[in-house]
Amino acid sequence: MAVEMEALKRRNEELEREVREGREREESTRRELERTRALLHAVEEAEERLCSELAELEAEAVAQSRAYHLRLAALSEQLAAAHSVLSAAGST
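Each residue of the sequence shown is one higher than the one before, starting from 1 at the first, in the numbering used here.
In case anyone wonders, no lab produced these hints; they're calculated from the structure.
Note that beta-carbon positions come from the ideal geometry of N, C-alpha and C, so glycine has one too.
Watch out, some of these pointers could steer you wrong.
Okay, the calculated beta carbon distance ranges per label pair [what the hints assert, rightly or not]:
1. TYR68 - SER91: 32 to 42 Å
2. VAL62 - THR29: 46 to 56 Å
3. GLU47 - ALA82: 43 to 53 Å
4. VAL62 - GLU34: 35 to 45 Å
5. SER65 - HIS41: 31 to 41 Å
Throw the hints in and build the complete structure from the sequences for me.
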């Protein structure tokens with residue numbers, strides 16, 4: 001009877017240790033999950049900022065492209081006018 005009680009006591013201690021270790025692992029996993037969630041939140045915010053900045057840069061690039069094309073068209077018109085003047089001057 002005493003041997004059985006001692007074996008049960010040891011088994012109970014083993015089970016209590018396993019439960020304690022399981023709880024410690026669970027708590028460690030929970031902390032890691034919270035760190036990962038915080039990191040994910042920071043990454044999502046950074047992604048939103050980058051998307052916003054990219055949209056602003058794209059809008060600026062479109063505006064610059066339009067201005068460039070307008071300037072190019074104006075210069076082409078000036079060049080055509082200069083050629084017309086030179087042609088008219090050369091044919092007289």
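Taking the hints in turn, this is what the structure says about them:
Our hint of 32 to 42 Å for TYR68 and SER91 holds, since their Cβ atoms are close to 34 Å apart. For VAL62 paired with THR29, a C-beta distance near 48 Å keeps the hint of 46 to 56 Å intact. Between GLU47 and ALA82 the C-beta distance comes to about 52 Å, which sits within the given range of 43 to 53 Å. For the pair VAL62 and GLU34, the beta carbons lie near 42 Å from each other, so the given range of 35 to 45 Å is met.
Here the CB-CB span from SER65 to HIS41 is close to 36 Å, well matched to the stated 31 to 41 Å.
In summary, this structure violates none of the numbered hints.
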